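Given chain A, put chain B in place with the hints provided.
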Amino acid sequence: MRLRSALLFSLLVTLPLGAQKPAFTVGWSVYVGWNPYYYMAKSGIMKKWADKYGITIKVQRFDYAPSLEAFVAKNIEACAMTNMEALDMPAAAGIDTTAIIVGDYSNGNDAVLTRNGVTFKNLPGKKLLLVEKTVSQYLFERGMAMNGMESQIKRVQLVNTSDSDIAAAFIADTSHEAVVTWKPLVSQILKTPGVTNIFNSSQIPGEILDLTVVRTDVLNRPDGSGQKFAKALAGAWYETMQLMSAKGSGTDKVLAAIAEGSQDSLQSYKEQLSTTHMLFTPQAALQLVTSPEMKQKMTLVKTFCFNHGLLGEGTKSMDEVAIRYPDGAVEGKPDRIRLRFEKAYMQAAGEGKL
Amino acid sequence: MSVLSISVRPSRITGWVLSWFLFAAGISLYFYTAQRRHKENPDDRVVPTLAQLGAGIYQAAMNPDADEEPAADAASQSALDRFRNGMLWKDTVASARRFIYGLALLFPAVLLGLHMGLFPYFGTFFLRFILFFDKIIALSVLPILFIAFGIDELSKVMLIVIGVTPTIILDTFNLTRSVPPEQIVKGFTLGARDFDVAYRVVLKQIWPRVLNSIRLNLKPLMLFLFAGEMIASTDGLAYRIALLRRHMGMNIIIPYVLWVALLLFLVDLTMRLLNKRLHPWFREA
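Chains A and B, in that order, give the protein sequences. Start counting the first sequence at 1; every next residue gets the next number (the numbering used here). Start counting the second sequence at 1; every next residue gets the next number (the numbering used here).
Chain A with its partners taken away, still in its complex shape (with noise of 0.2 angstroms):
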């Protein structure tokens, strides 16, 4: 009897597994590069790739650090990022990514605001507030240096601010001067009156990028299911920016749906649109990816993690995380590779063989 039911429990565990399908999750948070995610999977056209390729892919919203952690306790296979945090979170954790979408680039959607005509010149002694270690800090940084204040960096007094608050936080304390964080914040903040916007990412364009990235062992998965997951991904994610970009009367319904996705309105996402430089078709991506000024922007990049020391505690040389370019070409020790540009399914999409 005890027998019997054992059997029968074993039976019962087993069939469900043995006729599922290879399963994946795609983790996304709110930026307007990214929102298309949502939209991908409410209209059906990521099930429509997946059942292509015989996978599941779940789509799952996340607060954006909560993604990264994610990514890097290997609880989901792919993750939507910029190539700061590509480079740094998973470099540290050791974790080896493959950036397989280059969705866009920040195009004045992160800017430093200030009050009182405050400028770069006078900032030094004044506090900044910001969300540390991220984009907005390499922001910063780069404008101080662009304005010839390098040496006066750390004088700024740096204000770690959540950025859920950052926002409410800047325009209620009119004691603090200046403000670094990303759109849909700016355009808050912008409304105030008196605040300017002294730098913005349109002047180092191309430096934010806005990738998605997969774990590269799931990409080598030797039953092929992780390449099936990341062209299954690329044609979702290049269908949907055709109809974004598409000239007629059915667009705006398609950005109104995806402006849903952060509960903005057709309006505010046009305007988030127009400060992101997005690479609509794959051949645009790829010429990004492959030219020669992408590999400095990347060591700019990596020069500021490996000075905040975000590249992990113990590395010693800027050599020991090692970037792969789409050429073959690797920047750094070859036996560590950490993040990898791959073009192989941007061309595939640019040449319809998905």
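Note that these hints are calculated values from the structure, not bench results. You can take every hint at face value.
Just so you have them, the derived chain A footprint on chain B, three or more residues with Cβ under 8 angstroms:
1) 37-51
2) 141-151
3) 229-236
4) 240-251
These figures come from a predicted structure and were not determined experimentally. The beta-carbon is built from N, C-alpha and C at its ideal position, and this holds for glycine as well.
Chain B in isolation, oriented as in the chain A frame:
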């Protein structure tokens, strides 16, 4: 079955083993996970090993914050000096200062509660409003706090005050009300004046329970302090944890969390001992 018996006590040794068992289980599980994860990925930072934790503790205790200008004579400093310039000590001092301000502001709350409980005019004036105020979730009105108190030190202390004082006021109020009215009447017949009754009859006997109530509210107090430091700050224990979370510095976060637990335990223990010493007749603590 002695396990399910109310009247059977474990022997000394069994008691010792039982009380430490969950600690041992937790620690073993942790290191087992750490070892398994490191076999898979030697650079894993999510569950640091003992060696990584050791390096993390040393770095936190002995080295200043990496973004600070290093002191010119860093190499020649003694171990004690290095500890006092280290980030752990500086963060602890910053958080402790806010903690003490918050704690100190609870004492006026006790007096208010006492007066509300004894003096009908005070009670009528405050009670309804504080009952309402007690139900406001402080964290949900942050923008209002920022407008009223800025985002520097004051707003962090006020967050604690708004979060914890209503509880203390209402608790003191209830304790005051539970003093038998006969005692108050007797105080008056023996010639006491109003404030004699308030401070020497009522406060005196509810004081140990009030201290106990403050002690039990230390954790909410710490919670509000941490929330404040995570929202906006330049130093403090929670500031460091928030910052390190951004690049998975678990090897420092875990020691920090244990350090906070130890400090809280010590404050709790001190208050308990103090209460026992001050009020030897009080048995509930």
